[in-house]
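Participant: Residues per chain are reported as follows:
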Amino acid sequence: DQQVKQNSPSLSVQEGRISILNCDYTNSMFDYFLWYKKYPAEGPTFLISISSIKDKNEDGRFTVFLNKSAKHLSLHIVPSQPGDSAVYFCAASGGGADGLTFGKGTHLIIQP
Amino acid sequence: NAGVTQTPKFRILKIGQSMTLQCTQDMNHNYMYWYRQDPGMGLKLIYYSVGAGITDKGEVPNGYNVSRSTTEDFPLRLELAAPSQTSVYFCASRGRTPLHFGNGTRLTVT
Numbered sequence: 001d002q003q004v005k006q007n008s009p010s011l012s013v014q015e016g017r018i019s020i021l022n023c024d025y026t027n028s029m030f031d032y033f034l035w036y037k038k039y040p041a042e043g044p045t046f047l048i049s050i051s052s053i054k055d056k057n058e059d060g061r062f063t064v065f066l067n068k069s070a071k072h073l074s075l076h077i078v079p080s081q082p083g084d085s086a087v088y089f090c091a092a093s094g095g096g097a098d099g100l101t102f103g104k105g106t107h108l109i110i111q112p
Numbered sequence: 001n002a003g004v005t006q007t008p009k010f011r012i013l014k015i016g017q018s019m020t021l022q023c024t025q026d027m028n029h030n031y032m033y034w035y036r037q038d039p040g041m042g043l044k045l046i047y048y049s050v051g052a053g054i055t056d057k058g059e060v061p062n063g064y065n066v067s068r069s070t071t072e073d074f075p076l077r078l079e080l081a082a083p084s085q086t087s088v089y090f091c092a093s094r095g096r097t098p099l100h101f102g103n104g105t106r107l108t109v110t
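Residue numbers (the working numbering), protein chains in the order written: chain A, 1 to 112; chain B, 1 to 110.
Isolated chain A, as found in the complex (with noise of 0.2 Å):
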């Protein structure tokens, strides 16, 4: 049964226009999300995370979005460029030891 849902694996987006991706989780008692970027033939690469105390957090161009009682977030990327071309992971964290949980990712493709 999975936790974490990225129900879309791919998403294309025209250069310097708005990314939005999506992210579902069913467990309560995650209170942490992050999202990881994946460049071919690299590990994953943190980019942004939200406590659950918070329903938006900021990074330059990088905006994740908490509904709690909707249990979903999302990634806004502003203006997207050809470098943020990439598989995103959404991840999920209850605070313990035993690491993240990961939905299944979504390519962005940006086109020019």
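Please keep in mind that the hints were generated in silico from the structure rather than gathered at the bench. Treat the hints with caution; some may be incorrect.
As the list claims (entries may be wrong) - When the alpha-carbon atoms are kept at most 27 Å apart in a straight line, the in silico DSS-like pairs for lysine-lysine are as follows: (1) 104(A) with 44(B); (2) 68(A) with 44(B); (3) 5(A) with 14(B); (4) 71(A) with 56(A); (5) 44(B) with 71(A); (6) 14(B) with 71(A); (7) 57(B) with 56(A); (8) 5(A) with 44(B); (9) 71(A) with 5(A).
The model shown is predicted, which means the values in this text are computed figures rather than measured ones.
Start from chain A and add chain B according to the hints.
Facilitator: Quick look at chain B alone, frame taken from chain A:
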């Protein structure tokens, strides 16, 4: 600063062979993890360790073993390789920071 280093980058095994995937980190992190990623899937936790001498099973531990004799190293052992273990394996570590990943080992079992 190398971060998390995984070796080898690629490996092809025959069914029934054994091998050890190496992982070392130079950030003095206590927590270390092994994940596997199958095509089109997210990362699944195999084993983790909260410090030297302590290991615990994750979501998909069957067919694997780990040890943690030092803070820096966290090798993953496959004793009898099976085609179902064809995957990309990622090692990660953390202190008070988000998980920091290595670049992975791509393993094919035929």
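Participant: Output the indices of the hints that this structure fails to meet, ascending.
Facilitator: Violated hints: 3, 6 and 7; rest satisfied.
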